[in-house]
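Peer 1: The lines below spell out each chain.
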Amino acid sequence: MEPLLKVENLRIELTTRAGVAPVIDNLSFELGAGESISFVGESGCGKSMTALSIMGLLPEKVGRIASGSITFNGEELTTASPKRLRDIRGNDISMIFQEPMTSLNPVYTVGEQIAEVIRAHQGLSRKAAWNQAVELLDAVRIPNAKGRVSDYPFQMSGGQRQRVMIAIALACEPKILIADEPTTALDVTVQAQIFDLLNDMKRQTGASIIMITHDMGAVAEMAERMIVMYAGRKAEEGPVEQIIEHPRHPYTRGLISCVPHIMSSISQERHALTEVPGIVPSLSDFGQNRCLFASRCNMVTQKCVDERPPEKPFANGQKAACWFAEEV
Amino acid sequence: MSNETLVSVENLGVRFAVKRGGGWGKASYLYAVDDVSFEIKRGETLAIVGESGSGKTTTALAVARLVEAYQGKVNLDGTDFLSLDDEASRLARAKMQFIFQDPYSSLNPRLRAEQIVREPLDSLSTMDEAEKKEIVDRLFAEVGLRPEQQRLFPHQFSGGQRQRIGIARALATQPDLIICDEAVSALDVAVQAQILNLLRKLQADLNLTYLFISHDLGVVQHMCDSIAVMYMGRVVEHGTRMDLFNNPLHPYTSALLSAVPSVDKARREATKRILIPGDPPDPVNLPAGCRFANRCPVAQDICRSQDPALRDVKGGHKVACHLVGEDAVSPL
Chain P
1 MEPLLKVENL RIELTTRAGV APVIDNLSFE LGAGESISFV GESGCGKSMT ALSIMGLLPE
61 KVGRIASGSI TFNGEELTTA SPKRLRDIRG NDISMIFQEP MTSLNPVYTV GEQIAEVIRA
121 HQGLSRKAAW NQAVELLDAV RIPNAKGRVS DYPFQMSGGQ RQRVMIAIAL ACEPKILIAD
181 EPTTALDVTV QAQIFDLLND MKRQTGASII MITHDMGAVA EMAERMIVMY AGRKAEEGPV
241 EQIIEHPRHP YTRGLISCVP HIMSSISQER HALTEVPGIV PSLSDFGQNR CLFASRCNMV
301 TQKCVDERPP EKPFANGQKA ACWFAEEV
Chain S
1 MSNETLVSVE NLGVRFAVKR GGGWGKASYL YAVDDVSFEI KRGETLAIVG ESGSGKTTTA
61 LAVARLVEAY QGKVNLDGTD FLSLDDEASR LARAKMQFIF QDPYSSLNPR LRAEQIVREP
121 LDSLSTMDEA EKKEIVDRLF AEVGLRPEQQ RLFPHQFSGG QRQRIGIARA LATQPDLIIC
181 DEAVSALDVA VQAQILNLLR KLQADLNLTY LFISHDLGVV QHMCDSIAVM YMGRVVEHGT
241 RMDLFNNPLH PYTSALLSAV PSVDKARREA TKRILIPGDP PDPVNLPAGC RFANRCPVAQ
301 DICRSQDPAL RDVKGGHKVA CHLVGEDAVS PL
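As they're listed, the protein sequences go chains P and S. If you're matching positions, the first sequence starts at 1 in full-length UniProt numbering and goes up one per residue. If you're matching positions, the second sequence starts at 1 in full-length UniProt numbering and goes up one per residue.
It cannot be assumed that every hint is accurate.
[Unchecked claim] With a straight-line Cα cutoff of 25 Å, these simulated PhoX-like cross-link-like pairs (lysine-lysine) come out:
| # | chain 1 | residue 1 | chain 2 | residue 2 |
| --- | --- | --- | --- | --- |
| 1 | P | LYS202 | S | LYS265 |
| 2 | S | LYS132 | S | LYS95 |
| 3 | P | LYS202 | S | LYS272 |
| 4 | S | LYS41 | S | LYS314 |
| 5 | S | LYS265 | P | LYS319 |
| 6 | P | LYS6 | P | LYS83 |
| 7 | S | LYS201 | S | LYS133 |
| 8 | P | LYS6 | P | LYS202 |
| 9 | S | LYS95 | S | LYS133 |
Hint data in this document are derived by calculation from the structure and do not stem from the laboratory. Just so you know, these numbers come straight off a predicted model, no measurement behind them.
Using the sequences and the hints given, assemble the complete structure.
Peer 2: Printed below as a string of structure tokens:
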């Protein structure tokens with residue numbers, strides 16, 4: 001069966017003062033209907049750029065799709081007209097952003113902002129759209145939705161604002177929901193509520209979810225498959241359980257073991273955390289024909305510096321772009 | 001490790017006057033920190049955890065006298081820090097230093113790294129230039145920065161390196177207590193691991209005592225010896241790391257721990273997520289009983305009428321909940 005979303009050999013170039021750099025370098029992946037995948041990596045690895053390119057929201061004049069294709073339901077998005085993209089955005093693919101404070105308009109009530117989407121995409125009357133906004137607020141579990149629908153964003157807590165964002169994103173029952181660090185700005189108990197809500201919505205509407213995060217725990221909780229990004233390239237891809245159990249890329253291994261996780265039982269002794277030395281390379285180093293993780297890797301050899309490693313597939317569905325993936 | 005208590009905080013309270021409804025009405029108070037007490041032993045780490053608005057940062061600021069407490073004591077090595085006059089408290093700060101959350105805004109962009117690290121010595125010590133130089137050199141080595149980096153300005157460093165400068169600055173006056181307020185929250189996970197390892201190494205080498213403020217329970221679990229959980233300005237549970245993580249007693253602590261997503265499959269399967277609905281109450285008009293009662297899954301009538309006190313239920317494990325009996329069993 002044809003996947004719902006198919007990204008092939010995508011290359012996105014950003015024009016910076018230092019020149020043109022590939023922020024996304026030959027990325028391919030697929031997303032099936034009703035599937036949830038996660039993009040993981042440190043800041044500056046190209047996670048958000050991937051999301052923006054699918055939405056057709058790359059920063060104008062700075063970022064552009066240099067090559068590759070993005071097909072949604074068989075339709076090519078990279079060459080679609082702005083009008084067609086506007087139709088798809090919000091209707092078929094929608095997005096929730098990290099900052100629930102800054103992504104809502106402070107001078108409109110939340111009801112107006114939800115109703116706007118419904119009117120624009122479904123052509124409903126003001127009254128009908130407003131009523132649907134109330135229903136949506138209720139669906140994202142905001143108590144007293146009828147009263148709160150006339151509130152302005154500042155009258156709501158961070159968690160409530162993120163629920164409003166989710167209500168807006170889900171207003172037209174999209175087939176794909178992209179969530180870019182949806183809970184990073186929120187407290188853990190609120191994060192748990194939001195995850196719970198997203199999972200429920202997914203069950204009800206059958207939407208696919210792409211979640212972008214840096215938190216491996218959140219990935220384990222929310223996704224079936226994950227893609228680890230490093231310096232604009234896919235480092236590893238595969239089923240979440242398998243990767244956490246046995247990562248095949250040294251970067252993935254580092255990402256998992258450098259975080260102090262709460263395990264099922266806490267023991268008295270504590271080991272030093274595994275360090276991944278150094279930091280993510282700067283944009284000007286992207287795109288070179290070598291492994292970009294080599295400078296931080298403890299398994300580095302000459303081969304890693306000489307040539308970019310190809311993606312190696314494993315029988316269990318994992319793929320890792322490392323010359324020594326079998327040995328990791 | 002000694003058993004000596006370095007810091008003891010007694011009945012600390014911080015309140016902010018807030019006006020509601022406009023007009024000439026009397027100001028009401030928001031009790032950001034309400035009757036908070038805890039002790040930290042020398043060489044150990046106490047973590048204060050809680051969500052935004054729980055009062056954990058205000059507690060840290062009040063301990064360092066960076067906000068005014070309206071009541072309470074902060075005994076540091078036997079002296080009540082809060083009762084000192086301005087000059088004495090300024091000098092006493094040498095014993096208590098702060099590492100801030102944001103490594104970008106907490107360093108003066110116009111000073112070179114060496115000047116930033118030397119500044120506490122300039123204002124708090126009587127050393128001559130050569131001695132200061134020697135200390136700065138040593139500090140740079142201790143936090144893992146190269147000697148030639150002393151001449152650089154903050155913008156020439158990465159986030160993790162800046163946090164190392166912040167740590168070197170905090171160590172300059174050889175403090176007993178270092179308050180880390182979300183010291184690694186702004187860093188990427190790989191860099192976070194580097195800084196956490198550095199903090200633990202420095203603690204072991206220099207016998208430092210940390211007051212560690214964080215919302216990240218994974219980090220807290222790794223760093224602390226004991227934990228105080230705050231909710232709405234109060235400490236609701238206080239105990240050792242093992243007590244808190246393996247036998248949480250307050251329903252809020254249990255909910256907080258259960259909300260942390262985990263990569264450990266065994267933990268995910270063993271933990272039943274306790275969702276706490278709704279939001280915390282209005283901090284200015286607090287309810288009569290327990291502040292958690294409106295979200296607590298097991299609240300009884302007594303919880304809505306009587307404010308529970310923090311009491312010792314089992315060998316130093318303290319909890320403020322009516323429903324935890326002498327048997328120290330979670331009411332959930």
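Peer 1: With reference to the structure, classify each hint as holding or not holding.
Peer 2: How the hints compare with the structure:
no.: 1; hint: P/LYS202 with S/LYS265; verdict: holds (22 Å)
no.: 2; hint: S/LYS132 with S/LYS95; verdict: holds (17 Å)
no.: 3; hint: P/LYS202 with S/LYS272; verdict: holds (21 Å)
no.: 4; hint: S/LYS41 with S/LYS314; verdict: holds (19 Å)
no.: 5; hint: S/LYS265 with P/LYS319; verdict: holds (22 Å)
no.: 6; hint: P/LYS6 with P/LYS83; verdict: holds (21 Å)
no.: 7; hint: S/LYS201 with S/LYS133; verdict: holds (23 Å)
no.: 8; hint: P/LYS6 with P/LYS202; verdict: holds (20 Å)
no.: 9; hint: S/LYS95 with S/LYS133; verdict: holds (20 Å)
Hint check: no violations occur; every hint is consistent with the structure.
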